[in-house]
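K.L.:
Residues per chain, in single letters:
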Amino acid sequence: DTGVSQDPRHKITKRGQNVTFRCDPISEHNRLYWYRQTLGQGPEFLTYFQNEAQLEKSRLLSDRFSAERPKGSFSTLEIQRTEQGDSAMYLCASSLAGGRQETQYFGPGTRLLVL
Amino acid sequence: SQKIEQNSEALNIQEGKTATLTCNYTNYSPAYLQWYRQDPGRGPVFLLLIRENEKEKRKERLKVTFDTTLKQSLFHITASQPADSATYLCALVEDDKIIFGKGTRLHILP
Numbered sequence: 005d006t007g008v009s010q011d012p013r014h015k016i017t018k019r020g021q022n023v024t025f026r027c028d029p030i031s032e033h034n035r036l037y038w039y040r041q042t043l044g045q046g047p048e049f050l051t052y053f054q055n056e057a058q059l060e061k062s063r064l065l066s067d068r069f070s071a072e073r074p075k076g077s078f079s080t081l082e083i084q085r086t087e088q089g090d091s092a093m094y095l096c097a098s099s100l101a102g103g104r105q106e107t108q109y110f111g112p113g114t115r116l117l118v119l
Numbered sequence: 133s134q135k136i137e138q139n140s141e142a143l144n145i146q147e148g149k150t151a152t153l154t155c156n157y158t159n160y161s162p163a164y165l166q167w168y169r170q171d172p173g174r175g176p177v178f179l180l181l182i183r184e185n186e187k188e189k190r191k192e193r194l195k196v197t198f199d200t201t202l203k204q205s206l207f208h209i210t211a212s213q214p215a216d217s218a219t220y221l222c223a224l225v226e227d228d229k230i231i232f233g234k235g236t237r238l239h240i241l242p
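Quick mapping for you: the protein sequence lines, in order, are chains H and S.
Numbering of the first sequence is given in this note's numbering, commencing with residue 5 and proceeding in unit increments.
Numbering of the second sequence is given in this note's numbering, commencing with residue 133 and proceeding in unit increments.
Because the hints were derived from the structure by calculation, they are not lab data.
Keep in mind that the hints are not guaranteed to be accurate.
[Said to hold, decoys possible] Subject to a maximum C-alpha distance of 25 Å in a straight line, what follows is the list of computed SDA-like cross-link-like pairs (lysine to any residue):
(1) H:K61 to S:N159
(2) S:K135 to S:E226
(3) S:K191 to S:Q146
(4) S:K229 to H:A92
(5) H:K61 to S:S161
(6) S:K195 to H:E106
(7) S:K203 to S:L180
(8) S:K203 to H:T107
(9) S:K229 to H:E106
(10) H:K15 to S:G173
(11) H:K61 to S:Q134
(12) H:K61 to S:T158
(13) S:K234 to H:E48
(14) S:K135 to H:E106
(15) S:K195 to H:Y109
(16) H:K61 to S:D228
(17) H:K61 to S:A163
[Stated by the list, open to error] A short, non-exhaustive set of chain H residues, derived as facing chain S with CB atoms under 7 Å:
(18) Q45
(19) G46
(20) P47
(21) F49
(22) L95
(23) T107
(24) F110
(25) G111
(26) P112
(27) G113
For clarity, every value in this text was computed on a predicted model and none was experimentally measured.
Cβ atoms here follow ideal geometry from the backbone N, Cα and C, with glycine treated the same way.
With the hints as extra help, turn the sequences into a complete structure.
P.N.:
Structure, rendered in structure tokens:
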């Protein structure tokens with residue numbers, strides 16, 4: 005396994021369209037995180053899964069955003085009715101929960117531009 | 133909730149010198165604190181983790197300190213090289229999720 009992968013790497017869409025991103029975590033990792041990052045900022049937490057259960061959602065995640073991890077493996081993040089303010093890098097990370105420390109391994113990100 | 137403060141201005145360091153980056157947090161001391169490196173257009177890459185009961189951690193040319201009294205971590209790169217130029221993110225755990233600072237951009241000048 006070569007690490008966390010994300011698809012697509014870049015997405016340009018028009019305002020009002022729906023977009024869906026995919027994340028494939030490291031295979032033995034049970035936790036999967038989604039972050040959003042804008043220029044000059046650190047990654048902002050959006051939501052995370054432990055196996056297929058979505059355990060927490062940030063207040064940043066409006067009702068236009070939905071994430072799934074149906075079989076506890078890959079995850080999708082959908083944004084409905086995109087707005088220009090949704091333009092950002094969307095990062096996925098995975099980790100192996102448990103123990104006293106948790107290192108997250110990040111994917112390359114999907115850069116979204118909403119016109 | 134925790135707030136993490138990193139110097140948002142870029143740091144320019146001459147090649148060969150030691151670069152020191154600062155991370156301050158506002159509330160309770162976390163069980164551990166992490167440092168990540170991020171290159172433009174890429175996801176962050178984990179570098180080092182330091183626990184609350186550790187004063188210092190080293191890995192090759194990297195050194196991290198953790199002062200729970202000052203609520204501060206320092207990240208040092210010794211014998212810096214142009215390839216060390218990147219954004220360095222400080223992160224800590226809160227309620228089972230990782231909170232990141234804004235990062236500090238480091239430029240190593242040849």
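K.L.:
Does each hint hold? Answer for all of them.
P.N.:
Taking the hints in turn, this is what the structure says about them:
1. H:K61 to S:N159: holds, 22 Å
2. S:K135 to S:E226: holds, 10 Å
3. S:K191 to S:Q146: holds, 21 Å
4. S:K229 to H:A92: holds, 20 Å
5. H:K61 to S:S161: holds, 24 Å
6. S:K195 to H:E106: Cα-Cα ~19 Å, so holds.
7. S:K203 to S:L180: holds, 18 Å
8. S:K203 to H:T107: holds, 21 Å
9. S:K229 to H:E106: holds, 10 Å
10. H:K15 to S:G173: Holds - the C-alpha atoms of S:G173 and H:K15 are around 14 Å apart, at most 25 Å.
11. H:K61 to S:Q134: Answer holds: H:K61 to S:Q134 is near 17 Å, not above 25 Å.
12. H:K61 to S:T158: holds, 23 Å
13. S:K234 to H:E48: Roughly 9 Å between the alpha carbons, so the hint for S:K234 and H:E48 holds.
14. S:K135 to H:E106: Judged against 25 Å, a Cα distance of about 20 Å means the pair holds.
15. S:K195 to H:Y109: Cα-Cα ~21 Å, so holds.
16. H:K61 to S:D228: Measuring from Cα to Cα gives roughly 12 Å; hence the hint holds.
17. H:K61 to S:A163: Roughly 22 Å between the alpha carbons, so the hint for H:K61 and S:A163 holds.
18. Q45: Given a least distance of 5 Å, the restraint on H:Q45 holds.
19. G46: holds, 3 Å
20. P47: holds, 5 Å
21. F49: With Cβ-Cβ at 5 Å, under 7 Å, it holds.
22. L95: holds, 5 Å
23. T107: With Cβ-Cβ at 5 Å, under 7 Å, it holds.
24. F110: Hint holds; H:F110 Cβ to chain S Cβ min 3 Å, cut 7 Å.
25. G111: It holds, given that the least Cβ distance between H:G111 and chain S is near 5 Å, below 7 Å.
26. P112: Constraint on H:P112 satisfied, holds at 5 Å.
27. G113: Interface hint status for H:G113: holds (5 Å vs cutoff 7 Å).
The earlier numbered hints are all upheld by this structure, with none contradicted.
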